[in-house]
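Generate coordinates for the entire structure from the input sequences, incorporating the hints supplied.
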Amino acid sequence: MQEEYDATTVESHVQDLWNANDAFQVTEDETRPKYYCLCMFPYPSGSLHMGHVRNYTIGDVLSRYKRMQGFNVLQPMGWDAFGLPAENAAIKNNTAPAIWTYQNIDEMREQLQRMGIAYDWSREIATCTPEYYRWEQWFFTQLVKKGLAYKKMATVNWDPVEQTVLANEQVDADGRGWRSGALVERREISQWFLKITQYAEELLEETEKLDGWPDAVRTMQRNWIGRSEGVEFDFALADGELAGESAIRVYTTRPDTVAGVTYMAVAAEHPLTTHVAAHNADIQAFVEECKKSGTSEAAMEKLEKRGMPLGIEAINPVSGERVPVYVANFVLMTYGTGAVMSVPGHDQRDHEFAKKFNLPIKQVVQSTVEAVNVVDTAFTDKTNTVSINSDQFDGLDFEACFKATADFLAKEANGDKKVNYRLRDWGVSRQRYWGCPIPIIYDKDGNAHPVAEEDLPVVLPEDVAFSGVNSPIKEDPNFINTTVPGTNEPGIRETDTFDTFFESSWYYARYACPDANAMLDERANYWLPVDQYIGGVEHAVLHLLYARFFHKLMRDVGLIKSDEPFTRLLTQGMVIAETFYRDDDGKPEYFNARDLDLEYDDKGRISGATLKSDGKPVTVGRIEKMSKSKNNGVDPLEMIDRYGADTVRLFSMSDSPPHQSLEWKDGGVEGMNRFLRRVWREVSRLPAEASQHVFEQADLNDEQKSLRRKTHETIAKVTDDIERRYTFNTAIASMMELFNEASRFDDRSDSGFAVQHEAFSALVRLLSPFTPHIAHEMWSGLGYESALIDEAWPEVDEEALVRDTITLVIQVNGKRRAELAMSANASKEECEAAALAEENVVRNIEGKTVRKVIVVPGKLVNIVAN
RNA sequence: GCCGGAGUGGCGGAAUCGGUAGACGCGCCGGAUUCAAAAUCCGGUUCUGGCAACAGAGUGAGAGUUCAAGUCUCUCCUCCGGCACCA
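Residue 451 in this note's numbering sits at position 454 of the first sequence; the count goes up by one each step and never skips.
Treat the hints as calculated values from the structure; they're not laboratory data. Not one of these hints is a red herring.
Cut-off 25 Å, straight-line C-alpha distance, at most; resulting in silico cross-link-like pairs (DSS-like, lysine-lysine): (1) K379 - K400; (2) K622 - K609; (3) K192 - K148; (4) K379 - K414; (5) K584 - K622; (6) K192 - K549; (7) K148 - K549; (8) K549 - K206; (9) K471 - K441; (10) K400 - K359; (11) K192 - K414; (12) K89 - K471; (13) K149 - K549; (14) K192 - K143; (15) K441 - K142; (16) K149 - K288; (17) K352 - K302; (18) K558 - K206; (19) K148 - K471; (20) K353 - K302; (21) K584 - K609; (22) K206 - K192; (23) K549 - K142; (24) K149 - K192; (25) K825 - K849.
Label-pair ranges, simulated between beta-carbon atoms: (26) D208 - R813: 34 to 44 Å; (27) G209 - K825: 38 to 48 Å; (28) G43 - D582: 28 to 38 Å; (29) D3 - G855: 45 to 55 Å; (30) V366 - D208: 31 to 41 Å; (31) N381 - G668: 54 to 64 Å.
Virtual Cβ for every residue (Gly too), placed ideally from N, Cα, C.
This is how it looks when you write it as structure tokens:
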């Protein structure tokens, strides 16, 4: 072992060794417990960023740790390869999306390999290959047959200039198309949906059981599913039938407030609105206006609450009063019945609308504990309340009134108790090119036929000229024209592709059997569920919910046996860094720190910065998530070149716990590099014969015992931090403590060397999941013949943890006044006596009476005196 | 608006079950080495007072429970994240 640590040499040497031995290839093995550790696979954008580094290092630490614990560990990697950026790049660079994507995959694979992560590369998957997507096409045809996939009209963003559908990401905050700048419109087209709502109840119930998931993610999923219990019932139309209907059906979670309904509101798409609009130009104009606004959340948010009276009245089934019906832009056709009863007294939104249109506000719920004035604001409490102004329901609390009204509505107004979900069926059609073709053929009457199993996959043509925004397959007769399955009739192919969440919803299962000649085979039941899943919290709802849904679908088709895909989930925080900018004309221009000269104040804080190229100052901005737009990214490859992958890995784990954000700091990286160089140096200086010496615990002196205790305390601490707490930062801190103590230890006796060798032997193994390359070399440096990846995780020697003496903290009235070294087995009385005799204690209780003495064995004595 | 999470030195953070607040790292200060610098090594570093021993203050603000509170309870403030016309 050389005395100077050279990361580049070490890392390429160790990686070659692993590669030559296929060190991380695994097969099913019933004799060992399995451990499937998975990181969310990347989109192949072409370059690795720090978020990837952090994500994959966490996975590798856990994988390597479990391997040393004796588990049969699977850690695969692949590519979420379909998606919009490939199309954007294609337009910009005039290359086919496939070529761009495969080139990026090659580049990123190389970059990833430099990090030395223990992947089983033989299982690599790219979702854009027909070998992968043919199975999801097959699966979709099964779902169509089971009625779990169906077609219906749905709203999309339509760019009137480009004459194309836009993804939500392609519509800016002002509701304009990204290329044309034209105002995006809403348009109804027929699209495919998966019936996730059929699984809403099971998904919700099992959310409660996912105790290996962060509470935040479970809460988000619960809210996203959004279960509510209420009643659906009719408001009869006051002047008889309209548009073939005699009533307006509504859904409410507050049947106890029906008496307070003073008006109603229906959606722009509601049949009643359409009926009235046919003879009323003003209403027609209003409906058109509603349809013009985009579907994006940003657009919805800005929407002002507006409405118009339809000139219709309905009868309140409880009060018998006539109430006017409005059309309003905030009523959603897709939730409930597309019509709502409005209770301005007890719903804030209804209250605002009532004020704006001068509608009556009626109080029907009274608080039993405070004064209520529904003229100013809605009263929405459901506890400590009684019903008033509600005839036979007066005097009931919320629960009783809910039940009584529901029973009444059941008899008098076609009422039905109903559970509603905020969750909608998952629209999987995308009018994009670079995705998996939906395997459907339409006959001349427009009926949909799933492509026959033997005709799969429907291959996406990759050799395409990409001229505009429109998908090239939509104009490709070779792709479109075919025959209807089972006939000789001409048929037309579906040209929409799947939402890319489709691919990422089942890839974790395919890794178990990437070469299977079926969607999955028995191997999936060996490896699944994933024991540990790691990725960004931005996927808390969509991806993680879709994957859970798919898992249940695959279970119900008989492909797998488990109910849930991911047993434990870790969501890592963002990687953040300083930003620097100039804002001369209202559009800030951001600069990367590498192009700046930074100034620091006397406390080491950044006080100013100037651009190297012109020497003029730039503004120091906030610390934000690394991104292209803020130009504050740090290139992982540059860091690996400078310090080595081990240093980069170690820093990414050391500075904060994984679920929190990590601030990238050059000084911190250098600190980790310094630490590794020190460990290397100490190990290289340890005499070769140190490994030969043995010791007997009973014969050790106090210093030797103390180092042994530190060694084994550290093993216990690091194990607990990785296994239970996920606090890799504190694990690293405690390894540094052990190193500091072991390197200061200067005892050249045989047993001294033996104890020191034990400390370094443990340290190297504890470090190995974090910094596997340097650990491998140091392991041989310590005189071991074996490869470190085949070693077992170090075990705690309980005997080494035993303390003869302990430090007792002495407090007077809760304030620390002294410390005492005591025998570890001293009695309570002895501790108390020693504490009361201590010099500084005597001084502090002088003139006071000791009221009470509290002894916490092994820790402290608190003397209460006044 | 609703639902989460978080506020601790100059900075990132530690304190795991109510028991020594500030581990570990960065930065800064001093020293050694050097012709000099970088690198490296050693020491110091919450604030105030003191040569020191030690004393006082201190975990966003305010109250409370307790022998003992960063940790538990209540009220409030600030920041971050998610959802947001869901009837």
